[in-house]
Amino acid sequence: MQTDWSVVLTFLPQLLAGAKVTLQITLFGLVGGTLLGVLAGLMRAYGGPILNAIAFAYVELIRGTPIVVQVMFLYFALPVLAGVRVDPMSAAILAIVVNAGAYIAEIVRGAFLSISRGLTEAGLAIGLPHWKVLLYIVGPLAFRRLIPPLGNQFIVSLKDTSLFIVIGVGELTRTGQEIMAANFRAVEIWTAVAVFYLLMTGSLTLLLRMVEKRMRIL
Amino acid sequence: MSIIEFRQTSKHFGDLKVLDQVDLSIDAGQVVVLIGPSGSGKSTLLRCINGLEQITGGDLVVDGISVREGRRRLQQIRQEAGMVFQQFNLFPQMTALENVAFGPRKVRGTPAAEARAQALALLEKVGLKDRASHYPSELSGGQQQRVAIARALAIRPKVMLFDEPTSALDPELKQEVLSVMRQLAQEGMTMVVVTHEMAFARQVGTRLIFMENGKISVDGDPREMIGNPPSGRLRDFLQHVE
Numbered sequence: 001m002q003t004d005w006s007v008v009l010t011f012l013p014q015l016l017a018g019a020k021v022t023l024q025i026t027l028f029g030l031v032g033g034t035l036l037g038v039l040a041g042l043m044r045a046y047g048g049p050i051l052n053a054i055a056f057a058y059v060e061l062i063r064g065t066p067i068v069v070q071v072m073f074l075y076f077a078l079p080v081l082a083g084v085r086v087d088p089m090s091a092a093i094l095a096i097v098v099n100a101g102a103y104i105a106e107i108v109r110g111a112f113l114s115i116s117r118g119l120t121e122a123g124l125a126i127g128l129p130h131w132k133v134l135l136y137i138v139g140p141l142a143f144r145r146l147i148p149p150l151g152n153q154f155i156v157s158l159k160d161t162s163l164f165i166v167i168g169v170g171e172l173t174r175t176g177q178e179i180m181a182a183n184f185r186a187v188e189i190w191t192a193v194a195v196f197y198l199l200m201t202g203s204l205t206l207l208l209r210m211v212e213k214r215m216r217i218l
Numbered sequence: 001m002s003i004i005e006f007r008q009t010s011k012h013f014g015d016l017k018v019l020d021q022v023d024l025s026i027d028a029g030q031v032v033v034l035i036g037p038s039g040s041g042k043s044t045l046l047r048c049i050n051g052l053e054q055i056t057g058g059d060l061v062v063d064g065i066s067v068r069e070g071r072r073r074l075q076q077i078r079q080e081a082g083m084v085f086q087q088f089n090l091f092p093q094m095t096a097l098e099n100v101a102f103g104p105r106k107v108r109g110t111p112a113a114e115a116r117a118q119a120l121a122l123l124e125k126v127g128l129k130d131r132a133s134h135y136p137s138e139l140s141g142g143q144q145q146r147v148a149i150a151r152a153l154a155i156r157p158k159v160m161l162f163d164e165p166t167s168a169l170d171p172e173l174k175q176e177v178l179s180v181m182r183q184l185a186q187e188g189m190t191m192v193v194v195t196h197e198m199a200f201a202r203q204v205g206t207r208l209i210f211m212e213n214g215k216i217s218v219d220g221d222p223r224e225m226i227g228n229p230p231s232g233r234l235r236d237f238l239q240h241v242e
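Quick mapping for you: the protein sequence lines, in order, are chains X and F. If you read the first sequence in full-length UniProt numbering, its first letter stands for residue 1, the second for the next number, and so on. If you read the second sequence in full-length UniProt numbering, its first letter stands for residue 1, the second for the next number, and so on.
Looking at chain X on its own, in the form it has when it is part of the complex:
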């Protein structure tokens, strides 16, 4: 069969626009997801029985259901239940926030609990309140151990945005699908889409490498 790579150039503006939407969903979703994940993770690790149970239920609910079902629920079911209109972009971002948040919660919990109990005791023994021990001693140490698994989750979440094709948000995969439907250039277009994803995940990997290098793991 004949390939014609010039179609990639022809549709480059559309592909770039799709990649931009993918990046936007990922960026906003991960900022929110990280905040939510840190909160839920700390609730799991240090909250009393009630906070712990709430965070546990959240993590299990999200980890136990597919992300496609989650975004379908947010986009189609939530409006029916709550009577609010949700646009595809908001549903997509919210899905990443909620989904990544659950996984990040477990990462955060694990990282904090992996720091030796003796260091917490040493901090308490000089008269610091527990929250200051977490902020000044355990937190900075846990953060270093957080980076590799967190980077992994960031890459997973970036690629998960491709599943939002199901709610019609104009991200990269959806864009590829639309171009394909018009000209049937499957090889060229899906190759281009794959390369775009690789460029984005590759940049993310590089960025995390740099952060990791600057922080010694202790």
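Derived by calculation from the structure, the hints in this document are not laboratory data. Using N, Cα and C, we set each Cβ at its ideal position, and we do this for glycine too. Among these hints, one or two may not hold up.
If you want a taste of the chain F side facing chain X, the calculated C-beta under 8 Å gives, among others [claimed, not checked]: (1) Leu-52; (2) Gln-54; (3) Met-83; (4) Phe-85; (5) Gln-87; (6) Asn-89; (7) Pro-92; (8) Gln-93.
Computed far set for chain F versus chain X, every beta-carbon distance over 12 Å [to be verified]: (9) Ser-66; (10) Gly-82; (11) Pro-157; (12) Asp-170; (13) Pro-171.
With chain X held as given, fit chain F onto it using these hints.
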């Protein structure tokens, strides 16, 4: 005047009774050495003093504050009772100097320059001024433990608690830590020391307490107790240690 007072103090871990209605009064200036077989409750007794373990019965008063008065008051007790751990527990992301200056900065709100100067003076006191900018991973065990002593002293405590401070050290490194402790005792610091170093108990201790099954079984003068053990159990124990 007593600075630490156990009143019928008990500590349970679930069904296990680790401290069994202990009565003990420690005066300012005393150097109390706690010994006993493992599981006898000596470490727990020490850790109850600064509230790292919560007592489950009776009362325990440190410098006029009961450990049962709540979290805020417990933090005050901890500022009056510095602790040195078996595993040193230095903060690995901080240099020796930062480890020592950290407490005064974050607990007492001492200005940075002052905390630094004070920390340097303390490092000099434990003989490690030239290691101030080293990280714990770059120090030997004995050096780490001396930094840990300086860190505990930095908050200007009235009492120092030592939980097997030399047990994790090679024999040749024990001495440098013991000599710092000896110097502290000579300066009049009130000390409670869990240790198996009987030479230290004999030379520096003003009081020796032998614990068994969560109770104080013998309490007296170290030289007399070691020279002429008043109980068979203590005699057996001393033979195993020395």
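Quick rundown of the hints versus the structure:
Satisfaction of the interface hint for F/Leu-52 is found here, the shortest Cβ-Cβ separation to chain X being roughly 6 Å, below the 8 Å cut-off. Among the interface hints, the one on F/Gln-54 is violated; its C-beta lies about 12 Å from the nearest C-beta in chain X, farther than the 8 Å criterion. Against a cut-off of 8 Å between C-beta atoms, the interface hint on F/Met-83 holds, since the closest Cβ of chain X lies about 4 Å away. Checking F/Phe-85 against chain X by beta carbon gives a least distance of about 6 Å; that is within 8 Å, so the hint holds.
The beta carbon of F/Gln-87 is positioned within 8 Å of a beta carbon in chain X (closest approach about 5 Å), and the interface hint is therefore held. Taking 8 Å as the C-beta cut-off, the interface hint given for F/Asn-89 holds, the closest approach to chain X being about 4 Å. Given the 8 Å rule on beta carbons, the hint for F/Pro-92 holds: about 4 Å separates it from the nearest Cβ of chain X. Annotation: F/Gln-93 was flagged as interfacial toward chain X, and the flag holds, the nearest CB pair being 6 Å apart, inside 8 Å.
Residue-level check passed: F/Ser-66 sits 17 Å from the nearest beta carbon of chain X, beyond 12 Å. The claim that F/Gly-82 lies off the interface is violated: its Cβ sits roughly 7 Å from the closest Cβ of chain X, which falls inside the 12 Å cut-off. The beta carbon of F/Pro-157 is not kept farther than 12 Å from every beta carbon of chain X, the shortest such distance being approximately 9 Å. No beta-carbon of chain X comes within 12 Å of the beta-carbon of F/Asp-170; the shortest separation is about 20 Å.
The Cβ of F/Pro-171 sits about 23 Å from the closest Cβ of chain X, beyond the 12 Å cut-off, so the non-interface label holds.
The structure shown violates the earlier hints numbered 2, 10 and 11.
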